[in-house]
Amino acid sequence: MERERQALLKLKQSFQDPTHKLSSWKGQECCQWKGVGCDESSGHVVKLDLRTCSSYFTNYSDNLQANEVSPSLLELQHLNYLDLSGNNFNSSKIPTFFGSMNNLKYLNLSHSSFGGRIPLHFGNLTSLQVLDLQGLFGVSTHTFKWASNLLSLQYLDMNDVNCGNASDFVKVLTKLPSLSHISLSSCDLDINYFGYDPINFTFSSNLKYLDLSKNTHKRSILNYFQNMTSLEVLDLSSTFYDVSSKIPTWLGDFKSLVYLNLASNNYDTFEREGGLLYLINNACSLKLLDLSYNSIGQVLDPHNLNWTKCAKYNLEVLNLSGNIMRGPLSSWLEQLESLKNLHLYGNLFHGPIPSSFGKFSFLELLDLSSNKLNGSIPESLGRLSSLREIDLSNNELTGIIPKTMGRLSLLRKLSLSKNQLNGSLPKSLGNLVSLESLDISTNFLEGVVSEDHFANLTRLKELVINSNNFSCKVSSNWIPPFSLNLIHMGSCKVEGSHGFPQWIQTQKEATELNLSNANIIRTFPNWLHSSITYLDLSMNKISGYLPMNIGYTMPYLVTLNLGNNLLNGSIPYSICKLESLDNLDLSRNKFFGKMPHCWKESQIVTVINFSYNKLLGTIPSSMGNLFSLKWLHMNNNNLNGELPSTLMNCSELELIDLGDNNFSGPLPTWIGGDSLLMIKILRLHKNMFSGSIPLNFCKLFALQILDLSGNNLSGEIPHCFGNFSGMTIEEDIPEDYANATLEVVSPSYDIEWNKAKVLQVMKGRELEYTQILLLLDNMDLSSNKLVGVIPEELCQLSGLRGLNLSHNHLSSNIPNKIGELKSLESLDLSNNKLFGAIPQSMSNLLSLNKLDLAHNNLSGKIPTGSQLQTLDDPDIYFGNDQLCGLPLRKKCLGDDDGRKTSPTSNGHEDEDYKESRFERIWFYFVVTLGYAVGLWGVIGSLIFKRNWRLAFFGFYENIKDWILVTIQVKMGRFKKSIMKWMWIN
Numbered sequence: 001m002e003r004e005r006q007a008l009l010k011l012k013q014s015f016q017d018p019t020h021k022l023s024s025w026k027g028q029e030c031c032q033w034k035g036v037g038c039d040e041s042s043g044h045v046v047k048l049d050l051r052t053c054s055s056y057f058t059n060y061s062d063n064l065q066a067n068e069v070s071p072s073l074l075e076l077q078h079l080n081y082l083d084l085s086g087n088n089f090n091s092s093k094i095p096t097f098f099g100s101m102n103n104l105k106y107l108n109l110s111h112s113s114f115g116g117r118i119p120l121h122f123g124n125l126t127s128l129q130v131l132d133l134q135g136l137f138g139v140s141t142h143t144f145k146w147a148s149n150l151l152s153l154q155y156l157d158m159n160d161v162n163c164g165n166a167s168d169f170v171k172v173l174t175k176l177p178s179l180s181h182i183s184l185s186s187c188d189l190d191i192n193y194f195g196y197d198p199i200n201f202t203f204s205s206n207l208k209y210l211d212l213s214k215n216t217h218k219r220s221i222l223n224y225f226q227n228m229t230s231l232e233v234l235d236l237s238s239t240f241y242d243v244s245s246k247i248p249t250w251l252g253d254f255k256s257l258v259y260l261n262l263a264s265n266n267y268d269t270f271e272r273e274g275g276l277l278y279l280i281n282n283a284c285s286l287k288l289l290d291l292s293y294n295s296i297g298q299v300l301d302p303h304n305l306n307w308t309k310c311a312k313y314n315l316e317v318l319n320l321s322g323n324i325m326r327g328p329l330s331s332w333l334e335q336l337e338s339l340k341n342l343h344l345y346g347n348l349f350h351g352p353i354p355s356s357f358g359k360f361s362f363l364e365l366l367d368l369s370s371n372k373l374n375g376s377i378p379e380s381l382g383r384l385s386s387l388r389e390i391d392l393s394n395n396e397l398t399g400i401i402p403k404t405m406g407r408l409s410l411l412r413k414l415s416l417s418k419n420q421l422n423g424s425l426p427k428s429l430g431n432l433v434s435l436e437s438l439d440i441s442t443n444f445l446e447g448v449v450s451e452d453h454f455a456n457l458t459r460l461k462e463l464v465i466n467s468n469n470f471s472c473k474v475s476s477n478w479i480p481p482f483s484l485n486l487i488h489m490g491s492c493k494v495e496g497s498h499g500f501p502q503w504i505q506t507q508k509e510a511t512e513l514n515l516s517n518a519n520i521i522r523t524f525p526n527w528l529h530s531s532i533t534y535l536d537l538s539m540n541k542i543s544g545y546l547p548m549n550i551g552y553t554m555p556y557l558v559t560l561n562l563g564n565n566l567l568n569g570s571i572p573y574s575i576c577k578l579e580s581l582d583n584l585d586l587s588r589n590k591f592f593g594k595m596p597h598c599w600k601e602s603q604i605v606t607v608i609n610f611s612y613n614k615l616l617g618t619i620p621s622s623m624g625n626l627f628s629l630k631w632l633h634m635n636n637n638n639l640n641g642e643l644p645s646t647l648m649n650c651s652e653l654e655l656i657d658l659g660d661n662n663f664s665g666p667l668p669t670w671i672g673g674d675s676l677l678m679i680k681i682l683r684l685h686k687n688m689f690s691g692s693i694p695l696n697f698c699k700l701f702a703l704q705i706l707d708l709s710g711n712n713l714s715g716e717i718p719h720c721f722g723n724f725s726g727m728t729i730e731e732d733i734p735e736d737y738a739n740a741t742l743e744v745v746s747p748s749y750d751i752e753w754n755k756a757k758v759l760q761v762m763k764g765r766e767l768e769y770t771q772i773l774l775l776l777d778n779m780d781l782s783s784n785k786l787v788g789v790i791p792e793e794l795c796q797l798s799g800l801r802g803l804n805l806s807h808n809h810l811s812s813n814i815p816n817k818i819g820e821l822k823s824l825e826s827l828d829l830s831n832n833k834l835f836g837a838i839p840q841s842m843s844n845l846l847s848l849n850k851l852d853l854a855h856n857n858l859s860g861k862i863p864t865g866s867q868l869q870t871l872d873d874p875d876i877y878f879g880n881d882q883l884c885g886l887p888l889r890k891k892c893l894g895d896d897d898g899r900k901t902s903p904t905s906n907g908h909e910d911e912d913y914k915e916s917r918f919e920r921i922w923f924y925f926v927v928t929l930g931y932a933v934g935l936w937g938v939i940g941s942l943i944f945k946r947n948w949r950l951a952f953f954g955f956y957e958n959i960k961d962w963i964l965v966t967i968q969v970k971m972g973r974f975k976k977s978i979m980k981w982m983w984i985n
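Residues in the sequence shown are numbered from 1 upward in steps of one, following my numbering.
If you are wondering where the hints come from, they were derived from the structure by calculation, not from laboratory data.
Mixed in with the good hints, there may be bad ones.
[What the hints assert, rightly or not] Here are the simulated lysine to any residue pairs, SDA-like style, with alpha carbons at most 25 angstroms apart: (1) 340 x 358; (2) 461 x 382; (3) 493 x 507; (4) 214 x 181; (5) 255 x 284.
[Unchecked claim] The calculated label-pair distances, taken between Cβ atoms and stated as ranges, are: (6) 149 x 91: 24 to 30 angstroms; (7) 53 x 396: 22 to 28 angstroms; (8) 175 x 271: 28 to 34 angstroms; (9) 798 x 541: 45 to 51 angstroms; (10) 142 x 37: 42 to 48 angstroms; (11) 10 x 37: 17 to 23 angstroms; (12) 580 x 716: 42 to 48 angstroms; (13) 833 x 891: 23 to 29 angstroms.
Just so you know, even glycine gets a beta-carbon here, dropped at the ideal spot from N, CA and C.
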């Protein structure tokens, strides 16, 4: 039909067609054009399919583009099928003239970037059977009235359309008799808010598919669907958040149910014990069950799980990930013989992986990661011939990697990272011809990694073997059979020339390269290509200069870690050109000179670490442009001057470490003013700051580490420091964290921005700690000139593990409430002017293992207590002359000898006390005997030696005469002086 052909040509002219998708639209036979369908008898155009890539990741630059839909479509009066999905209509409104195309049965506008509201004219499409509007993020509707006349509608997909104000959606959709598919995911709906009664909530009996996921219902909406037993697909994932609920038993009565997704809700258990068993056993058609990311804490008892025949042979996908389920992985799973996907990630399952898992002949995906599984990896897993992905990472598995893994010819992903595996890397893994991703990082594996391990891995894209004890040995002319995207080989020592492996230079598609701690002794490589986004060469001996043009040669860098090398020279200004840079670590090198003053607002840096270099000058004010900055490490340099006030713009800062520099001036009052309120770690240790501590610091409620030690600060400690809620114990802190011990950082570490490293003096030693945000609350104000009292408010900081106020001029009592610091492990109040008694409450500090009160003016008896008794070093009280009691030798008034008898439960003296008393008696006996022998030696000599006797008594007489004469002379002079004074007065 010529009229319709001309309409199609007008439609073509309205599009921009960069990839020539409509190149066939020419000539007379329009029914032969791509995407055009005609009725065979009449010749009219009845179908127009202009679909391009239709998904959430549509690349509109390759698709048809137009500012609006051409009205020439109205000329196609017999059109019943229209698909414009995946094209770009530049947020234009959905045309109202679609409502005039009365013959339409199929309309697909998904992912086509329309905007505005759904036209009410859609109500005229009474023949419409399929309406697909998914992915139209810019489209909304305030009512479903337009759908009330669509009595033929069978399929409705409005995912991502904003329906938040459409309170009539249930009223309308429940009256559409033909509706079998409803998908309203992410539509901002809340059934509970609109007040619908679950009893009267009934869709058509034809409804087979219902997806209301990712909406914001305030409580469970399962009860609304109790009578809809004909459903085959029910997706209610991510549908409520604030009230715990139970998964109802009646779901087991849905005999037609094939797909059930209740993931990411707040379900904590089932309505009946064994509910999981009942659900799977009775919903006999069920092939997929997804209960992931709830709060289900059920213990799965293998003895109570007896599967029915339908459960054994029908269930294909079971996802219980992200719950708190526990128990062993024993025979209860092996009976599900039809399983293809098993997801148990992120639970508390323990014990070994059953060797019976080798019976899962259909299994394609096995994810047991992030549990507490132990024991060895069963060799029987090598029999899973259909397996495509296996993830056993982040468990407690030991032993070797079974050689049988090399039999899994279809395997695409193998992840065994973060376990305790040992032994060497089996060469049989080189037979995994389909393997795309290999991750065995963070284990205790050792031995040589050679080209034999990779001989047949032609599809490999991700190689992650870092944090083991491998040595890498390949020939210099080896050409790998693969082309990698990710190369993570940290701690894999390069053998031979100690340079960069030649084969890595052939990997032109690599975007991530980690060769940290690889024994590389070379200058910075000049062959790195521009596509690199992640570069970690830390902990080597790379020397020379960092290229001045690095910001141009690798413009897409997100992570740059060159810490712990021998690089020198200045930091290139081109660093500021890296607008994608997120993590920058140049620490522990020999960089000198001033820092670049070129930082821009367009940069998204979150971590900067320039610590342990030889940098000079001030912090450039342009760093205040880095609004995303979270961690700033500048410690151990030669920086000076005052801190730039522009840093107050970095409102996301959580860590500032400027310790061991030469900064001076007063502490900035803008810290804790209206900015930098997110700070958790503030370390200004060993600088030259002076003046008093600003009261604005009291607003840093999130603070967990405050280190102002080694400065020239004066004035008093602010009483409002007791407001640091970050230093208090929160009730919801997991027990595992509350009882954790501080972890000292080892020399090697993976650069991840949330693994902070901070030097702190704890228990008398300066150590570098990690995981400090969960474990270490510390306040160090030592070595300043602070005066006044120790604020009693500090005793409110119940989470404090370290408190150091030593080497100041504090003059007060120790607060009586000091015993309320229940978490305190280290307390140093030495070298002050403290006076008074040591509070008895200090004996309540059950975690205390480092105490120093030396060089004060404390007095009274040292308190006793179970923990204080273990601190028996007298030096911790040295320089307090008025203290008494153990462990000092000075007895207190009322003590016999500084120690009382300690009776045991049977009334006898304890053995230690009896032994001590015996030693004292023996000591007194020996001293007395020695005195008697010495005295007898003198007296006996005078008795038996006449000449000695005469000489001794003669000497005695002379001394007596001298004393008497001297006294008489002195008394005469004194008498004259008295008489003279009386005469004068």
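Residue 271 and residue 175 - C-beta distance against the hinted 28 to 34 angstroms: For residue 175 and residue 271 the Cβ distance comes to about 31 angstroms; the hint holds.
Hint check: residue 214 vs residue 181, CA-CA at most 25 angstroms. Holds or violated? Holds, at about 17 angstroms.
Sort out whether residue 507 lies within 25 angstroms of residue 493, counting only the CA atoms. holds (19 angstroms)
Cβ distance range 42 to 48 angstroms for residue 142 and residue 37, holds or violated: With a Cβ separation near 35 angstroms, residue 142 and residue 37 fall outside 42 to 48 angstroms, so the hint is violated.
Residue 798 paired with residue 541, Cβ distance criterion 45 to 51 angstroms: holds (46 angstroms)
So if I understand the rule, the pair passes when the alpha-carbon distance is 25 angstroms or less; does residue 255 with residue 284 pass? Judged against 25 angstroms, a Cα distance of about 6 angstroms means the pair holds.
Taking the Cβ atom of residue 53 and the Cβ atom of residue 396, is their distance within the range 22 to 28 angstroms? At 44 angstroms between Cβs, range violated.
Is it true that residue 833 and residue 891 lie within 23 to 29 angstroms of each other by Cβ? Holds, at about 26 angstroms.
Is residue 461 within 25 angstroms of residue 382, Cα to Cα? Judged against 25 angstroms, a Cα distance of about 22 angstroms means the pair holds.
25 angstroms Cα cutoff - pair residue 340, residue 358: holds (13 angstroms)
Satisfaction of the hinted span 42 to 48 angstroms by the C-beta atoms belonging to residue 580 and residue 716: holds (47 angstroms)
Is 24 to 30 angstroms a correct range for the gap between the Cβ atoms of residue 149 and residue 91? Since the Cβ atoms of residue 149 and residue 91 sit about 28 angstroms apart, the hinted range of 24 to 30 angstroms holds.
Consistency with the previously given hints fails for numbers 7, 10, ordered from lowest to highest.
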